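With the hints as extra help, turn the sequences into a complete structure.
Counting from 1, position 3 in the sequence shown corresponds to residue 14 in my numbering; the numbering is continuous, with no gaps.
Just so you know, the hints here were simulated from the structure itself, not pulled from any lab data. Nothing here was measured: the structure is a model prediction, and the numbers come from that model. Note that the Cβ used here is the ideal one computed from N, Cα and C, for glycine as well. Incorrect hints may appear among the rest.
What the hints assert, rightly or not - FRET-style restraints, in silico, Cβ to Cβ:
hint : residue 1 : residue 2 : range
1    : Gln35     : Met12     : 30 to 36 Å
2    : Gly141    : Gly98     : 25 to 31 Å
3    : Ala146    : Thr95     : 18 to 24 Å
4    : Lys77     : Ser118    : 31 to 37 Å
5    : Thr95     : Lys36     : 16 to 22 Å
6    : Gln74     : Lys36     : 17 to 23 Å
7    : Leu15     : Asn76     : 17 to 23 Å
8    : Asp33     : Val142    : 14 to 20 Å
9    : Gly126    : Asn76     : 21 to 27 Å
10   : Lys36     : His87     : 19 to 25 Å
11   : Thr132    : Lys77     : 18 to 24 Å
To be verified - Once the Cα atoms are required to be at most 30 Å apart in a straight line, the calculated DSS-like pairs of lysine-lysine come out as:
hint : residue 1 : residue 2
12   : Lys21     : Lys124
13   : Lys53     : Lys77
14   : Lys17     : Lys36
15   : Lys22     : Lys124
16   : Lys36     : Lys77
17   : Lys36     : Lys53
18   : Lys17     : Lys78
19   : Lys77     : Lys22
20   : Lys69     : Lys21
21   : Lys135    : Lys17
22   : Lys69     : Lys36
23   : Lys53     : Lys78
24   : Lys25     : Lys135
25   : Lys25     : Lys69
26   : Lys22     : Lys69
27   : Lys21     : Lys36
28   : Lys53     : Lys124
29   : Lys25     : Lys53
30   : Lys22     : Lys78
31   : Lys78     : Lys135
32   : Lys78     : Lys36
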Amino acid sequence: MNNLSKMRIKKSAKEIFEAFVDPQKIGGFWFSSSSERWQEGKTITLTYEEFGAEGDIKIIELQENKKIVFEWAGNHTVTINLITENGSTIVEINEEGFDDNDEDLISQLVDNKEGWVYMLTCLKGYLEYGVSLRASLVK
Numbered sequence: 012m013n014n015l016s017k018m019r020i021k022k023s024a025k026e027i028f029e030a031f032v033d034p035q036k037i038g039g040f041w042f043s044s045s046s047e048r049w050q051e052g053k054t055i056t057l058t059y060e061e062f063g064a065e066g067d068i069k070i071i072e073l074q075e076n077k078k079i080v081f082e083w084a085g086n087h088t089v090t091i092n093l094i095t096e097n098g099s100t101i102v103e104i105n106e107e108g109f110d111d112n113d114e115d116l117i118s119q120l121v122d123n124k125e126g127w128v129y130m131l132t133c134l135k136g137y138l139e140y141g142v143s144l145r146a147s148l149v150k
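Have a look at this one:
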């Protein structure tokens, strides 16, 4: 089972790619920090200082300015595609690895979708308007 989220951002694929892989930029829209620049084969520690939480991701594939693939949360694979279209970029995030037989599948998919749409909204605000919306979602 997978979960797909998309958003158009009026910035180049290069700017969006760098926002993810550059540890100095990721704090502007998603996690508060990243342990190092993302590279294929590396395990990166992402930290949410506001929530006292951190987790590791393993970078599986990077295609500069086009695609990022990583694993997290056990058996989940996240693919971020950057699709250039009409002077902007569609950021497409697909997370796979949900258990079709889990009795909480629907709530997991809803929570996951909410998280990705929120992160994409924060990315849009950060890159298009220079504002930080991160760490504001209340559940």
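Hint by hint, work out which the structure violates, then give me just those numbers in ascending order.
2, 3
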